[in-house]
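**Q** So for the sequence shown, this note's numbering puts the first residue at 19; every next one is plus one.
Derived from the structure by calculation, the hints contain no laboratory data. It should be emphasised that the depicted structure is a prediction, and the values quoted were computed from it without experimental measurement. Careful: at least some of the hints might be erroneous.
[To be verified] With a Cα cut of at most 25 Å, we get these calculated DMTMM-like pairs of lysine to aspartate or glutamate:
1) LYS213 - GLU183
2) LYS133 - GLU184
3) LYS133 - ASP58
4) LYS213 - GLU184
5) LYS133 - GLU183
6) LYS133 - GLU120
7) LYS213 - GLU181
8) LYS213 - GLU120
9) LYS213 - GLU273
10) LYS133 - GLU181
11) LYS213 - GLU180
12) LYS213 - GLU191
13) LYS133 - GLU180
14) LYS36 - GLU65
[As the list claims (entries may be wrong)] Using C-beta positions, here's what the derived DEER-type ranges look like:
15) ILE150 - GLU183: 41 to 47 Å
16) GLY38 - ASN251: 47 to 53 Å
17) ASN143 - ALA52: 24 to 30 Å
18) ALA192 - ILE146: 32 to 38 Å
19) ILE263 - PRO113: 36 to 42 Å
20) ALA195 - ILE146: 24 to 30 Å
21) SER199 - LEU57: 56 to 62 Å
22) VAL67 - ASP186: 53 to 59 Å
23) PHE40 - LEU205: 51 to 57 Å
24) ALA252 - THR279: 35 to 41 Å
25) ARG33 - GLU191: 49 to 55 Å
26) ARG33 - TYR79: 55 to 61 Å
27) PRO113 - GLU273: 26 to 32 Å
Beta carbons are placed, not taken as given, at the ideal position from N, Cα and C, and that holds for glycine.
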Amino acid sequence: MSEVDAARVWKRFDRRRKLGRFLGVLGALVVFLASWRYLDMGIANVETVPREINDLLTRMYPPDVAYVPEIVGPLIETLHIAALGTAGALVLAVPVALLAAENTTPNAATYWLGKLIVTVSRSVNTIIWALIFVVVFGSGPLAGAVAIAFRSVGFLGKLLGEEIEEIDFGQVEAVRAAGASSAQVLLYGILPQVKPALVGLSVYRWDINVRDSTILGFVGAGGIGVQLFRAVNAFAWQSVAMILIVILGVVLVSEGLSAYTRRLVR
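Let's have the full structure, built from the sequences with the hints guiding it.
**A** Below is the structure:
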C-alpha cells in the first residue's frame with residue numbers, strides 16, 4: 019500500500035459535517051434546558067408518585083362490568099361520529115387536493131387557496147374544532163362529526179394532493195384528447211391512478227378518527243367521552259376503568275381493520 023493510499027482513511031462524516039451535527043445537538047440541548055427552566059417543571063414530592071399510582075389503580079380495580087350496558091350506546095355513537103366525519107372529510111378533501119396539487123390546480127390563486135385550507139385544517143386540533151362547533155351547533159354528535167371532518171380535510175387533502183402530483187399526466191391528456199369533459203377527466207384520468215392511495219389514506223384516517231372521537235365528549239361533542247367525563251367527575255374509578263378497557267378494545271380492533279384494509283389495496 020502506498021503512502022497516499024494509507025493516508026486515505028474512510029470516514030462517515032467529514033470535519034464540517036461533524037461540527038454541524040455537534041452544533042445541532044448542542045442547540046437542541048440548550049433549547050430543551052431553557053424550556054425546562056422557563057416552565058419551572060421541577061418535580062416535587064417524587065417519592066409520593068408510586069403511592070398515588072398504586073392508590074389510583076386500587077380504586078379502579080376491579081372494573082365495573084355491570085356498567086357495560088351504559089357504555090354500548092355512547093360507544094356506537096362514537097363509531098358513527100368517526101365514520102361520518104371521515105366520509106365528510108373525504109368528500110371535501112378531493113377538491114381540496116385537486117386545488118393543492120400543482121398539476122391540477124387552475125392557477126396560482128387556487129393553488130395557494132388549497133394550501134391555505136390544508137394548513138388551517140391541520141393547524142387546529144380536533145378538540146378546538148369540537149369546541150367551535152359545539153358553540154355553532156350545540157352539544158351532541160353533530161358537532162363531533164363536523165369537527166372530525168374539518169380536522170381530517172387537511173390530512174387527506176395534503177397527502178392526496180401529493181399523490182396527484184405524482185400521477186402519469188399522459189393518461190390524463192389521453193382522456194382529455196378523446197373529448198372527455200372535466201368531470202370525466204377526473205373520473206377516468208386522475209382518480210383511477212390515486213384510488214389505492216385514496217382508499218388507504220381514508221381507512222388510516224378513520225382509524226385515527228376513532229381514537230379522536232373517544233375524547234370529544236369532554237367538550238360536549240358526543241360519544242363515549244361524555245360517559246368518561248361524567249365518571250371521572252363522579253370519582254367512579256371502577257367505571258372509568260371499564261370505559262378505558264372498552265376504548266382500548268375498540269382502538270385495537272380499528273387498528274387491525276385499518277392494517278388489513280391497507281394491505282388489500284396495496
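**Q** Indicate, hint by hint, whether the structure satisfies it.
**A** Comparing the hints with the structure gives:
| no. | hint | in the structure |
| --- | --- | --- |
| 1 | LYS213 - GLU183 | 14 Å, holds |
| 2 | LYS133 - GLU184 | 17 Å, holds |
| 3 | LYS133 - ASP58 | 37 Å, violated |
| 4 | LYS213 - GLU184 | 13 Å, holds |
| 5 | LYS133 - GLU183 | 14 Å, holds |
| 6 | LYS133 - GLU120 | 10 Å, holds |
| 7 | LYS213 - GLU181 | 10 Å, holds |
| 8 | LYS213 - GLU120 | 19 Å, holds |
| 9 | LYS213 - GLU273 | 21 Å, holds |
| 10 | LYS133 - GLU181 | 15 Å, holds |
| 11 | LYS213 - GLU180 | 13 Å, holds |
| 12 | LYS213 - GLU191 | 18 Å, holds |
| 13 | LYS133 - GLU180 | 11 Å, holds |
| 14 | LYS36 - GLU65 | 41 Å, violated |
| 15 | ILE150 - GLU183: 41 to 47 Å | 31 Å, violated |
| 16 | GLY38 - ASN251: 47 to 53 Å | 52 Å, holds |
| 17 | ASN143 - ALA52: 24 to 30 Å | 25 Å, holds |
| 18 | ALA192 - ILE146: 32 to 38 Å | 45 Å, violated |
| 19 | ILE263 - PRO113: 36 to 42 Å | 41 Å, holds |
| 20 | ALA195 - ILE146: 24 to 30 Å | 47 Å, violated |
| 21 | SER199 - LEU57: 56 to 62 Å | 58 Å, holds |
| 22 | VAL67 - ASP186: 53 to 59 Å | 58 Å, holds |
| 23 | PHE40 - LEU205: 51 to 57 Å | 54 Å, holds |
| 24 | ALA252 - THR279: 35 to 41 Å | 38 Å, holds |
| 25 | ARG33 - GLU191: 49 to 55 Å | 51 Å, holds |
| 26 | ARG33 - TYR79: 55 to 61 Å | 59 Å, holds |
| 27 | PRO113 - GLU273: 26 to 32 Å | 29 Å, holds |
Checked against the numbered hints given earlier, this structure breaks hints 3, 14, 15, 18 and 20; the rest are met.
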